[in-house]
Amino acid sequence: AQSVAQPEDQVNVAEGNPLTVKCTYSVSGNPYLFWYVQYPNRGLQFLLKYITGDNLVKGSYGFEAEFNKSQTSFHLKKPSALVSDSALYFCAVRDITGRRALTFGSGTRLQVQP
Amino acid sequence: GAGVSQSPSNKVTEKGKDVELRCDPISGHTALYWYRQRLGQGLEFLIYFQGNSAPDKSGLPSDRFSAERTGESVSTLTIQRTQQEDSAVYLCASSLGGTDSSEQYFGPGTRLTVT
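Chains as they are written, first to last, in this note's numbering: chain Z, 1 to 114; chain C, 1 to 115.
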């Protein structure tokens with residue numbers, strides 16, 4: 001079985017400050033990890049993914065995420081937050097030997113204050 | 001290019017009625033997924049199609065739920081005898097499917113309300 005935990009329902013950060021949205025996962029084998037963002041009244045948009053290789057993955061809109069195998073984490077980060085980054089963020093995982101469908105976390109709402 | 005499209009965008013139905021939701025994947029994407037998102041929750045996997053292989057139905061919550069896909073094109077999700085707990089946003093996604101690591105592209109969803 002695979003699972004994802006996003007321990008924070010909401011993260012508040014001031015514009016211009018760095019942001020981190022936390023994600024930990026559990027799979028029986030090796031993971032493929034993804035971050036998606038959901039803006040109000042819009043579908044989920046792909047941000048970035050970790051497949052293999054460098055633990056630091058860079059994605060859209062200046063976001064990056066760091067894969068940490070020993071801590072089974074894949075935290076999303078951005079050096080300088082923008083008000084327009086305010087949205088709902090989902091972490092997702094699949095076991096590379098398991099079913100193709102993703103298992104999603106419950107989501108973290110990011111609120112960036114001007 | 002065109003993304004994943006879903007119809008209708010909103011559907012209100014009475015308890016006990018059947019509903020049919022439609023998904024048009026991105027052209028050339030062989031894999032298609034259906035998920036359900038209840039209010040304030042994450043996405044819940046329902047069913048997965050890959051080319052002409054037998055679908056993975058392991059996420060369907062009951063036998064009232066079924067889905068079909070013709071080849072590598074349109075898919076329909078049918079919910080029979082709808083219940084109030086079926087109220088949710090139903091999301092469709094597609095991916096290239098040829099590689100295990102390909103990301104999924106999501107449609108805007110169908111918001112289903114069962115009264």
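Check before you lean on any hint, since a few could be wrong.
Unchecked claim - Pair by pair, the computed Cβ-Cβ distance ranges are: (1) C:E20 with Z:V83: 38 to 46 Å; (2) Z:P79 with C:T13: 40 to 48 Å; (3) Z:N41 with C:R81: 37 to 45 Å; (4) Z:V83 with C:Q41: 24 to 32 Å; (5) Z:P79 with C:L39: 41 to 49 Å; (6) Z:I96 with C:V74: 38 to 46 Å.
No lab work stands behind these hints: they were computed from the structure. Treat the numbers as computed from the prediction; the structure is a model and nothing was measured. Glycine included, every Cβ here is placed at the ideal spot set by N, Cα and C.
The hints, checked one at a time:
Our hint of 38 to 46 Å for E20 (chain C) and V83 (chain Z) holds, since their Cβ atoms are close to 40 Å apart. Under the hint 40 to 48 Å, the C-beta atoms of P79 (chain Z) and T13 (chain C), about 47 Å apart, fit the expected range. Checked against the hint of 37 to 45 Å, the C-beta distance between N41 (chain Z) and R81 (chain C) comes to roughly 30 Å, which is inconsistent with it. In this structure, V83 (chain Z) and Q41 (chain C) meet the distance hint of 24 to 32 Å, their C-beta atoms being roughly 26 Å apart.
Evaluation of the 41 to 49 Å hint for P79 (chain Z) and L39 (chain C) yields a failure: the beta carbon distance comes to about 33 Å. At about 29 Å, the beta-carbon gap between I96 (chain Z) and V74 (chain C) misses the expected band of 38 to 46 Å.
In summary, the numbered hints that this structure violates are 3, 5, 6.
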